[in-house]
Amino acid sequence: EAAVTQSPRSKVAVTGGKVTLSCHQTNNHDYMYWYRQDTGHGLRLIHYSYVADSTEKGDIPDGYKASRPSQENFSLILELASLSQTAVYFCASSGTGGTEVFFGKGTRLTVV
Amino acid sequence: QQQVRQSPQSLTVWEGETAILNCSYEDSTFDYFPWYWQFPRESPALLIAIRPVSNKKEDGRFTIFFNKREKKLSLHITDSQPGDSATYFCAAGTQVVGQLTFGRGTRLQVYA
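So the protein sequences, as listed, match chains A and B. All the letters of the first sequence, read from the start, carry residue numbers -7 to 104 under this note's numbering. All the letters of the second sequence, read from the start, carry residue numbers 271 to 382 under this note's numbering.
Please note: incorrect hints may appear among the correct ones.
[Said to hold, decoys possible] Simulated crosslink set (DSBU-like; lysine-lysine; CA at most 30 Å straight-line):
| hint | chain 1 | residue 1 | chain 2 | residue 2 |
| --- | --- | --- | --- | --- |
| 1 | A | K97 | A | K57 |
| 2 | A | K49 | B | K338 |
| 3 | A | K49 | B | K326 |
These aren't lab readings, by the way, just hints derived from the structure by calculation.
Construct all of the structure, not just a fragment, from the sequences and the given hints.
Quick look at the structure:
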């Protein structure tokens, strides 16, 4: 069973603070992704990675950094959290292109 | 600019009816089109997918119809059941790279 584990599952952060969302996959997948979900906007890609030690910008990278220290782990970093970054964040993984993307259970981030 | 568009935004049908969800895309390089469904407070999960080598993909009560010339596809759910009530996301990607572009979703409600 494909597994993508996110931590924390929910977090309240203060404006201007640093937030790190972690993701771990046991699928032996090359690709990992961070998506953001807001009501009415579907899923939007923030950053992705297809190999360890390398990350790529997605469609909405501003205000976010990513880190892929190993094939299994992928982190999303908000250096200066803002109110507009309140959302649900999904980590996901997949093998090669054109294959199923497996999502984690999501992290609900509230910035106050 | 939205690369993947979905309509309608929400849809209500009665149990036993056929629900039709529409999707269109801009980028002609897309060659992989999965549909994901998401139940409240859960993560998206793959429902069914199609590649342009065929114009139809069937899996039980779920069928994708694909029109490459018009860059349109639709998901037909026959004999709709209350348990089908969810948000359905059309996505597009390529078989070269892993990331998917998602539409904003169609919220389907099936009444008994």
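Results of checking the hints against the structure:
Of the supplied pair hints, the one linking K97 of chain A and K57 of chain A holds, its CA atoms being roughly 21 Å apart against a limit of 30 Å. For a cut-off of 30 Å, the pair hint linking K49 of chain A to K338 of chain B stands: about 28 Å separates their Cα positions. Between K49 of chain A and K326 of chain B the alpha-carbon distance is near 33 Å, which puts this suggested pair outside the 30 Å criterion.
Consistency note: the structure conflicts with earlier hint 3 alone.
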